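Asker: Take a look at the letters that make up each chain.
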Amino acid sequence: MSRLAEWWFRPVALGRIAVLRVITYLFILVDVFLTTSWVAEKSLAPHGLYRPLTIAQVLPLPTPTQTYVTALQWVLVGAAVVAATGWRPRITGSVVAVSYLLWMLVAMSYGKVDHDRYAFLVLLALLPTVGAARLGDRRPSEAAGFVVQAVFVAVMLTYFLAAVAKVRFGGWDWVTGATLTRAVIRRGTGLVRWTLDVPGFLVGVQWVMFVAEALAPLMLLARSDRARSILAAALIGFHVMTFATIGIVFLPHCVAILVLFPWERLGRRTPVQSGPGEGDRDRAEGVDVERHEVTADIQAG
Amino acid sequence: MRSGAAGADVEVVRLSPGSRTMRLVVVAVALVLTAAGSFWGNDVDFPFGPFRMYSTRNDPNGEVRSLRVEIVDQTGDRRRVGSHEMGLRRAEFEGSIIMLRTDPELMEEVARTWEARHPDQPGIATLEMIERRYQLRDGRETGEWRDQVVARWERAS
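Sequence lines, in order, name chains A and B.
Here the first sequence is numbered in this note's numbering, starting from 1 and rising by one per residue.
Here the second sequence is numbered in this note's numbering, starting from 302 and rising by one per residue.
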């Protein structure tokens, strides 16, 4: 298999997937009830303002009536709670992924589309592709590695394609425009209003943003857990700062960034064991589990 | 597929060649759709649409606009209403403003929706979408602003 293909399957410990599942599925509860609670309000929005997305025009999806939105909300929340326990992750994870996508289609059909969901949707779609994963399981898995690499690429694309969009919609002179000025005027917090009085400051920030976004593919060069953790912390720090200054938080995107941290190192290592029948199920699903004595505890540390 | 070679004592859970291929195919398709969306698509192609947050260029000598909703109720009181009281975010009203301006039935539906959700409040006599426009010069605030009513509906008496 070519080296390019190999990169996608660099093994990552199954324990990381177990932790990510808990974080991701519990986050859905935060998202639905707290940070994106306006989606639920769509059940009471004027129907005349509903404009179906392309995907809703192609597939026969229902118009968001109050019944549909409410029912969808409870299916999503229920599935997320069950999925967070780790029970039957492929099925529960798939239900969560599909219902969250439908939930998002409702959210984005009233004249405003948010752009902080792409990497999170990829994360939701791929978490069910790994079989059972227990906390503390240190066995490296190619399926788990694929999830991390794919979400990492999705995170990178969110930044890189944002630079592409600036050129496409704003032109090559986006950097000299007043986009950030507008943002500060409309939504700036007390922390940032002073920037309106410093000539050229926000233009300078726009230059830095654009260049950094255009160079985003370089992120993929981070290979070790340490390099990736530093990168992830820096990115999250940037989004925290954005929140503190213009009140916009890319929270689902930040949850996706979390795949880069070595969560498998939390807690005690559990002895490697397979439950009865788990090996059979994994084999049936095309996963080849090797049973060797684990003498590499020292190595893995 | 076995990592029984010397030194490789760690048990790696591997994927079959078929599983790998399927994943790579899905990745390729997703990348093509995402690239196509970014170069030729628009918001309507969510989730493959362009990442156009803050991508439009604002003229440093132009206006910054900010929308709000105001009602005059049947007792004659005028007050501002949060957009979320009508089931929408401010940005969604702004994204729908052309539709609202050209279709009075939509404005009426917005008004009736609010009344249905607030049965204890007096009904709406007039519904207005108002844009506050701040004038910029050389990318900075001039302190000048004006309000412009961009959509209006009155209950027929």
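Hints should not be assumed to be uniformly reliable.
Partial list, computed: chain A residues near chain B (C-beta under 10 Å) [stated by the list, open to error]: (1) MET104; (2) SER109; (3) TRP207; (4) PHE261; (5) TRP263.
Computed spacing ranges between beta-carbons, pair by pair [said to hold, decoys possible]: (6) A:VAL58 with B:ARG447: 38 to 46 Å; (7) A:GLY204 with B:ARG447: 46 to 54 Å; (8) B:ARG381 with A:GLY78: 47 to 55 Å.
I should point out that these hints are in silico values taken from the structure, not numbers from a laboratory.
The structure displayed is predicted, hence computed values, not measured ones.
Where a beta carbon is used, it is the ideal one built from N, C-alpha and C, also for glycine.
Asker: CB of VAL58 of chain A to CB of ARG447 of chain B, is that within 38 to 46 Å?
Answerer: Roughly 43 Å apart at Cβ, these two residues keep to the hinted range, so it holds.
Asker: Return holds or violated for the Cβ distance of ARG381 of chain B and GLY78 of chain A against the range 47 to 55 Å.
Answerer: Because 38 Å falls outside the window, the suggested range is violated.
Asker: Against chain B, with CB atoms and a cut of 10 Å, does the hint on TRP207 of chain A hold up?
Answerer: violated, 13 Å
Asker: Using 10 Å as the Cβ threshold, decide whether TRP263 of chain A counts as touching chain B.
Answerer: Constraint on TRP263 of chain A not satisfied, violated at 17 Å.
Asker: Against chain B, run the beta carbon of PHE261 of chain A and see if the smallest gap drops under 10 Å.
Answerer: violated, 21 Å
Asker: Is 46 to 54 Å respected by the C-beta to C-beta distance linking GLY204 of chain A and ARG447 of chain B?
Answerer: violated, 30 Å
Asker: Less than 10 Å between beta-carbons is the criterion; does SER109 of chain A satisfy it with respect to chain B?
Answerer: Because about 9 Å separates SER109 of chain A from the closest Cβ in chain B, which is inside the 10 Å limit, the hint holds.
Asker: Can you verify the interface hint for MET104 of chain A: is its Cβ closer than 10 Å to any Cβ in chain B?
Answerer: holds, 7 Å
Violated hints for the displayed structure, listed by number in ascending order: 3, 4, 5, 7 and 8.
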